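Start from the sequences, fold in the hints, and give me the full structure.
2 protein chains.
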Amino acid sequence: VWMYCRLYRQFERFRRPELLNAAKAGGEFLLRYAQVAPPAKKCAFVLTRDGRPVKVQRTIFSECFYTMAMNELWRVTGDARYQSEAMEMMDQIVSWVREDPSGLGRPQLPGAPASESMAVPMMLLNLVEQLGEADEELAGISAELGDWCAQRILQHVQRGGQAVLENVSEDGEELSGCLGRHQNPGHALEAGWFLLRYAIRRGDAKLQAHVIDKFLLLPFHSGWDPEHGGLFYFQDADGLCPTQLEWAMKLWWPHSEAMIAFLMGYSETGDPALLRIFYQVAEYTFRR
Amino acid sequence: VWMYCRLYRQFERFRRPELLNAAKAGGEFLLRYAQVAPPAKKCAFVLTRDGRPVKVQRTIFSECFYTMAMNELWRVTGDARYQSEAMEMMDQIVSWVREDPSGLGRPQLPGAPASESMAVPMMLLNLVEQLGEADEELAGISAELGDWCAQRILQHVQRGGQAVLENVSEDGEELSGCLGRHQNPGHALEAGWFLLRYAIRRGDAKLQAHVIDKFLLLPFHSGWDPEHGGLFYFQDADGLCPTQLEWAMKLWWPHSEAMIAFLMGYSETGDPALLRIFYQVAEYTFRR
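In order, the protein sequence lines correspond to chains A and B.
The first sequence begins at 1 in the numbering used here and counts up by one.
The second sequence begins at 1 in the numbering used here and counts up by one.
What the hints contain is simulated information worked out from the structure, not anything from laboratory work.
On a predicted model such as this, the values are computed, not experimentally measured, just so you know.
Please note: incorrect hints may appear among the correct ones.
Which copy is meant is left open, so a pair is good if it fits within one copy or across any two.
[Said to hold, decoys possible] Cross-link-like lysine to aspartate or glutamate pairs, in silico, DMTMM-like; alpha carbons within 20 Å at most:
hint : residue 1 : residue 2
1    : K55       : D147
2    : K41       : D91
3    : K55       : E170
4    : K55       : D213
Written as structure tokens, this is what we have:
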């Protein structure tokens with residue numbers, strides 16, 4: 001739904017009624033079936049074709065993508081129902097993240113460390129960007145939330161600036177064990193372009209330089225396979241073997257994130273070193 | 001706990017007090033901390049060193065391994081507390097599987113197909129074997145349960161006997177989609193030696209031949225990599241690419257299951273073809 005609407009809205013060659021109609025049909029399906037037990041806002045992760053829930057994740061991500069779809073559908077159609085859905089869901093998500101996660105359904109176990117996955121503030125920052133686009137008033141209201149997200153993401157730079165770690169404690173310290181050492185270079189690069197976009201909007205040149213250094217160059221150089229090329233899926237900050245069997249695989253999406261990040265970095269700074277890395281990733285990605 | 005007790009009990013060279021003491025210490029730790037919210041029987045999957053739960057799975061497997069440990073500890077020590085724990089937990093597991101799974105904490109979603117993972121009757125059959133060892137009375141009581149498990153496992157032979165599928169419907173039909181097509185050759189071979197042991201105990205030669213055909217030879221021949229050797233981790237019954245990224249990897253444990261299964265098959269039947277496959281797997285497993 002989001003992709004069709006965004007293509008329709010921003011690219012002349014995709015302004016085709018069948019795209020918009022498919023997006024609207026999808027949006028109506030989501031409005032009707034996504035919430036598993038209304039008025040609770042929790043959304044299904046998978047539904048059957050006739051709208052029965054197959055799987056519900058105990059995270060915020062289904063709801064985040066629901067919000068993005070509804071907001072984008074509102075931008076294309078002007079139908080206020082979609083925007084009101086988006087805003088209500090956004091309030092619920094922020095409340096789960098910043099106040100009380102119990103509505104997500106995951107029991108808080110006394111032995112589980114209070115950890116923060118970088119994905120959560122990343123996703124929220126992305127939503128702030130989506131909802132605030134061309135909406136000065138909303139952008140103002142959500143500025144505090146954007147700042148909070150950026151701060152939380154930046155906390156994942158650890159070990160004296162030498163590593164981006166996927167999971168840190170609530171107060172920004174490294175966690176013990178393989179959970180704490182877990183790294184995901186493509187995800188760090190994705191956080192990089194989210195933060196870069198945020199720094200550009202804020203006009204914060206110092207933050208921009210920091211982000212290019214820590215979220216673009218650092219994960220690229222430590223995550224790139226020196227032997228065969230390509231970005232590893234997972235790494236361990238101490239160089240141990242990650243527990244995930246698929247850690248050494250080269251997936252398509254980290255390379256997409258890398259190309260977006262380095263092209264954005266180059267177009268902001270004009271630094272040819274960033275353009276060279278973009279070409280290096282593009283050559284690896286498309287040559288086969 | 002189970003492994004130390006079993007080694008201590010069955011092998012002269014492992015009859016060492018430090019093994020038994022470690023097993024007892026582990027058993028006491030489990031007695032005290034494994035159950036997350038007693039008197040509910042649900043056990044944690046991971047605990048901290050001081051006994052606080054880190055993770056709880058919404059399946060029966062932690063409880064099954066708890067039962068095995070307690071029963072084996074009772075066999076070594078004669079302490080009736082352990083056996084009474086094992087029997088109480090076993091009753092709870094059987095009730096979750098055959099009567100009401102709601103105590104496991106996984107919500108029943110209306111769109112989720114009622115499917116049976118082969119792991120559940122396999123694990124239960126293994127428990128029947130563990131608890132019934134050298135206990136005629138208990139073996140008699142649990143004979144019905146063993147028959148039920150074997151029947152459920154055999155339902156996973158699908159497509160006119162040409163494929164063992166990991167997940168089938170409650171009434172033994174193939175499920176649609178990649179869930180239904182999912183295969184795990186090492187797991188099928190493991191089910192094979194569980195069933196073989198069951199057929200041997202029952203003295204059922206016809207079942208034994210069926211098991212060797214469908215759970216040993218079939219998964220071995222379809223799961224073995226003809227190019228590089230070794231058993232694939234996952235396969236798709238239609239030959240499509242499995243969704244799991246690690247599907248083509250060669251893991252150690254499927255090869256252990258294969259060696260156990262073929263050696264057991266050979267020692268029962270004397271069929272040299274089974275011994276040849278044992279050697280083929282052993283050579284692949286140990287040569288590097």
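To see whether the hints hold, each was checked on the structure:
1. K55 x D147: neither (33 Å within a copy, 32 Å between copies)
2. K41 x D91: within (10 Å within a copy, 38 Å between copies)
3. K55 x E170: between (28 Å within a copy, 18 Å between copies)
4. K55 x D213: Neither way: K55 and D213 sit 39 Å apart in one copy and 36 Å across, limit 20 Å.
Figure legend: structure checked against the earlier numbered hints; hints not met, in rising order: 1, 4.
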